[in-house]
Amino acid sequence: MIERADILLVEDNPADIELARHAFVRCRAACHFEVVQDGEEALDFLFCRGAYAKRAGVEPPRCVLLDLKLPKIDGLEVLRQIKGAPLLRRVPVIVLSSSSQASDIARCYDLGANSYLVKPLEFGEFTQLASDVSRYWLELNQDAQQGMLSP
Amino acid sequence: MMRGTGAEYLWGAGLGLKAWVGALPWWDWPLLVPLVGGGAWIAFRAWRRHVVRSRRLRILARERMYREVFEFSALAMAEENPQNLAEIAPRLLQALCGVGGWEGGAFWEVYGERLICVAWWQSASCPTDALEAFSRTHQFAKGEDFAGRVWELNAPLWLSEFAGAEGWEFPRATAFAEAGMRAAFGFPMRSGNRVVGVLEFFGKELRVPDAPMEALFWATSRQVAQLIERRRVETQMRCQAELLDLSYAAMMVWQDPGGISFWNRAAETLYGYTRGEALGHSPEDLLATRYPAGGREAVQAVLGKSGVWEGLLEHRTKSGLQLTVESRMVFFRGAVETAIGAVMESNLDVTEQRRAQAEVLALNLALEQRVTERTADLEAANRELEAFSYSVSHDLRGPLRAITGFASILEEETKGRLGPEGARLLGVILQNAHRMGRLVNDLLDFARLSRQPLDRRPVDMEHLVRECFEDLAPERAGRRVELVVATLPECTADVSLLRQALLNLLSNAVKFTRVRDPGRVEVGATIQQGSPVVYWVKDNGTGFDPKYAGKLFGVFQRLHPGDDYEGTGVGLTIVQRIIHRHGGRIWGEGVVDSGATFFFTLEGNGHGHGHGRGGVGQPGPATEGVRP
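Top to bottom, those sequences are chains U and B. With this note's numbering applied, the first sequence corresponds to residues 1 to 151, in that order. With this note's numbering applied, the second sequence corresponds to residues 152 to 779, in that order.
None of these hints come from the bench; they were simulated from the model. Here the structure is a predicted model, which is why all the values come from computation and not from measurement. Some hints here could point you the wrong way.
Said to hold, decoys possible - Computed, partial: chain U to chain B, Cβ under 7 Å:
#, residue
1, Asn-13
2, Leu-19
3, Tyr-136
4, Leu-138
From the three backbone atoms N, C-alpha and C, an ideal C-beta is built for every residue, glycine too.
Assemble the whole structure, with the sequences as input and the hints as a guide.
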């Protein structure tokens, strides 16, 4: 049986993936951490298509950590499709980008992002961010329950 | 001076008449024959008859003489050219003196408000040179002197024994007396009812003119007045013609049919045709006129309707040059409805002007085109900059994060096992990575400055300064740094940008006062009437060598070794960019080890500050240190 993911990280940079994995595992050892490396793979994962077809029936991740600059399909488009899909639109999407440009931030919120975080440069800050995110989105935040996903 | 010589036949004839009258008794001789041969009664009757008849004859003869004098003089005057009035006048005076039995006469003309003696005649037997000289060198106002009195009265005036007469003291009285003249007779010359001159006669005794003589004077004076008037009109017309020739506008008068009847000097100059060549031709043929839209008919329609047309015409000169003229035409209808009216046309050459205008227009268009191109270039550059900054933010920060991240993980996981040298090297890696991170962030801030639109609002400077200083608490941690803020005038600025600038300035001040305890940062403002408020930030830190003041604001320019003071060399560049975007200026003054002061304004020199509150603080920017 395939387990529900706690966090789906959409990130193409292997170094960032490893750092994120490191940071999240450090603060929450039991975290089910899934990673996809481009926008297309992310959509396949979420819509249970292609290589992820066997995930059909599994609940969507508890939250999505989304980078904006992605190969194939970019983060904004991924966000747009998530928020446009009746079965996925209640999944919290946290944009994790290195861009602090006001226009990027505004566009993400316009498309329905639930949060926007700028990747910190310091590893210490990064681990702090990871712990804050998991504390807030995985523990404090109430997600939409299974069965309530249908519109 | 002119003395009557009787040389000219016409005038001589007038004088001859008097001699003829003097010979009258010769004709009566046959009447005396019956007296010799008849009775005393008869002789008496005859004598009576003779006396009556001779008196009647004398009167008749005198009247005839007057009439003839008048006819001669009037006819002569009608023939005369009014411009020769100065020559005619003495002869006229001579003739009238002869008739009236005066010794001499003066001819006065009214010029504006003054009466001027323009001609003089005196009999050879009675020289009046001194009187003439006096008269000719004096001008009289209305009512002044004898002549002025006649002018004022506008009626004949005679006077005898004026040397002693009461109420007749006038400037020339003495001169009259000295010349032996004791009586005078004055007569106004009228045009309409306006006195244009005065005829004045004088003699040893008063000769009161009889009615026929007075009539003669009236008639003659009217003739002379007309002559004076004609001369005035002619002079005026000649002046106007001269005036038309003075004009820079080419002027012409023409009729259709009939062609050009007037052509001034400017027209000759402009078009190259002399008056002789132009007269009689239609201007349209002569100048190959090209009319504006609507053509000749449109011009004629406007002329016929309103009488005036203004517009641009194309003309060709005699030498074939094509001209553009600013034309103004006035249409004069003929006196009779059917008569052909005349057009007065005044043209100004505007060819050069129009060419210059067209050039300016073309230049403006080219300039606009260039501005558009440059703007497009600038926009492209801005887009590139945006792309670059985005790329920097994403592509440079990624690897940096990896370096710091993995170095940190390594540091944690190998704690103690790496050895002191290994730990030191790892520290160096982390330190440099952090510095590069700040550099990237600063560069991003800098790049973003140019793109962010300026949002000017009133800003409470004092509050903002204190806020920024609070934000710098981490940088001040463990140190004593005093902040002294003077009363600062409010300003109008983009708060977020101004905050950034103040943060950088204050951060600099905090950083470079590290060697002092306590560090001291002062913020103040200097207000001068008519110039923008100058804000300043002063510290008691390490200062800088004034010779490097020009390098303060360059990107990556650092005046201190990197190890002494952390920093990227972008901070002041950002401040400068922010100040410049507000239209202000920034400059710095410093002395090594004696602190630095940065001055800035938030508006150009053209604006007044318009804030009433005065600033306090001692450092005044007496001289402009550096103008970056």
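Here is how each hint holds up against the structure:
no., hint, result
1, Asn-13, "holds (5 Å)"
2, Leu-19, "holds (4 Å)"
3, Tyr-136, "violated (22 Å)"
4, Leu-138, "violated (22 Å)"
Of the numbered hints stated above, those contradicted by the structure are hints 3 and 4, listed in ascending order.
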